[in-house]
Amino acid sequence: MADSKKLREGSFAGNTLVAVGRIGISIFVPLVAFVILWAGFIFLKESKAPPALIAIVAIIWGVGGVALLFGVADWFVNRLPLHVTKKLQPFVFVGPALAILAWYLFFPTLRSLYLSFFDAQSKNFVGLANYIYAFTDPKMLESFVNNLLWIILGTGGSVGMGLIIALLADRSRYEKVYKSIVFTPMAISFVGAGVIWRFIYAYKPAGESQIGLLNAIVTFFGVEPQAWITLRPWNNVFLIAILIWLQTGYAMVIISAALKGVPSQIIEAGRIDGATELRVIRSIIIPYIFTTLVTVSTTIIIISLKIFDIVYTMTGGQYGTEVIASMQYKQMFNFYDFGKGSAIAIVLVLAVTPVMWYNLRQFNKQEGF
Amino acid sequence: MKRILFVVLVLAIALTPIFAGGKAEKASDQKTVTVFGAFVDEEARRFEEAIRPFEERTGIKVVYEGSKDFETLISVRVEGGNAPDIAGLPQPGLMHNFAAKDKLVPVWSSLNALLDKNYAPVWRDLGSYNGTTYGIFHRVNAKSFVWYPKKAWAAAGYVPPKTWDELNRLMDRMVANGHTPWAVGIEAGGATGWVGTDWIEDIMLRTAGPDAYDKWVSNELAFNSPEVKAAFEVLGKIWMDPRYVYGGKNYILTTSFGDAQQPLFDNPPKAWMHRQGNFITGFFPDDIQDNLEEEVGVFALPGINSAYGIPILGGGDQFVVFNDRPEVREFMEYLATWESGKLWAQAGGALFPYLDQDLNAYPNEIERSLAEALVDAKVFRFDASDLMPAQVGAGTFWSGIVDWVGGKSLDAVLNDIQRSWPK
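Chains as they are written, first to last, in our numbering: chain A, 1 to 369; chain B, 1001 to 1423.
One thing to keep in mind: the hints can contain errors.
Unchecked claim - Some chain A residues judged to face chain B by a derived CB distance under 7 Å, without partners named:
no., residue
1, 133
2, 230
3, 316
4, 333
5, 335
Hints are computed from structural coordinates only; laboratory data are not their basis.
For glycine and all other residues, C-beta sits at the position ideal for the given N, C-alpha and C.
Bound conformation, chain A alone (with noise of 0.2 Å):
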């Protein structure tokens, strides 16, 4: 017995000694791991070396660091009792996300709220004044009017370029190859594109050669040369066209995949009972493909709402071409209205929510999420 007294002695002990090891390097590993986490913090920050040096460990910090956050507290939790365990790991999983989600999109757009109800140098209070000069304000007007515009002819052109191109190659022998070409502006930035079209639209005065791709057209036709890009209201078509050639690419890819689902024991019932091509597109393959159509959409809404690039690039917003995002940028970083920048953001924020939560309610029908 007293043998017996003795090992349970021994092993209580021994017990307690594995139990502090254990809360002990509970403790010790996840400290290393920030010492090393917060010395490359402080090293990439005041560190003088050379740039090659500094490069090389970034990428090592911030690959590294990420797996070791990961592996760290993964294996912390791992140590928990098991139905801790259980309550905590799926966080160790999506804690990130999440914590990075709230820092980089959550709390900046409550600070832009709070923001909006105060002046200029985020001082003063001043109520609802930033939102009814949101409404009110000619340049904000014209900007709600033109965005209006890039959604209906943007995303209306998008698509409707789309679904003809798509169907069209879907018929045709060189598919791959139309598609392709089609698809090519899609890799191209917007702001680099708004280089590229400035470059269509050049203007010269007549008699000099013209620099400008359409008005080299036009003049060869005998036209006099226009300044494309100061005609209004059409500079806004002329620069609406620009997001047609980037985003038709977009539209026929996804609405190409959707037409080869289209079964084509249905198609070939409708050419059966006397259907035409144009009856079989409107009441078969449309119907068909209607939801892949309104996920398309309302993505190219959602870019046309936010449009920017194109605009600053190309007009700066002069002529009558403002849109939400240019008014907002320049009260922001031009004018320095903290204020009205972010009572502009925000109305943006409210005009995108709408669209956006639909665009993902439509792509969980899908299970694409």
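Following the hints, complete the assembly by docking chain B onto the known chain A.
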């Protein structure tokens, strides 16, 4: 677990020498001053050239960075906590914004003494906000000048006009000869329209006078008042008449301000006059720049109301301090002396406000006379759009010019600008 510990250890060991290396390098590092400004390309190169003696004398490295989107980027950088040590602000309004937000370091006593000694009082006023001085002017410019191709003028028998009436008669004579008097271009990316605001300011100084001009700048004189409208109408008589302006409204709207002078140097000239600041010589074609005195003539834009003479309109970048360090102070004090401008003056394309400057440094008679006019001018006013609140001076005034040239009614444009004035 063991594997993770192992990885941690390896990482720690691997990174240690890097941290150590980083620290060692920092100690031996050279002192650096970063300067961010609005001038780019050739102008930036000349600025760097001009400050080289400072770098050689002190061993302090000055890193200049210029951007065409300066007005936007400086705000982003300051807000983002990434302000340069020194920024060259082309608009006093920007300085007021930063000063109001307590982002700037005020002028210290030794710099203040240099400011008193080397500058006329107007420059201190322009660099001050609420009674505190923040900005030091370096390169300045004068804008009320009309440039013309000298040889073609001599051949055609044109002579520089002394009064506005003479200018009008000259324009009509040119039209009668089948010549187009003016080349105007106001495109400037995000800043499109500023060339037009310069014209309006010049005309305001000539029709309404300096006192009305000052009231206009502070909005005591409303933007839609008759005086301002009259100035626009004087300009409209030239700009809106396709006989007077090469390429008409389309050329005005779509031609970059730097390229707009090119028709002057075609053979024969497609346009015969170009109103622009002294900096424009840097944009002239190379062969013209090489023979500036033979090829180019210049006269001050004539007065309209003789009571105000020939006023000079100008501007300039003021250098302000965001980060207070000894080497930054040393460089600012250098900028407040003629020595910092001398090399740039010799290279051409820049005027300096220093009272003790040596006019012989300027490379040609044209710039020498411009500098002299600048230092001696009785009525000198800073660019009004640079003094107005940014919402107007860098916003609705610019876009108002564009809208007006684009065909919007003058009353609507002026009312819009007045309404946009921050209360």
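- Are there hints from earlier that the structure breaks, and if so, what are their numbers? 1
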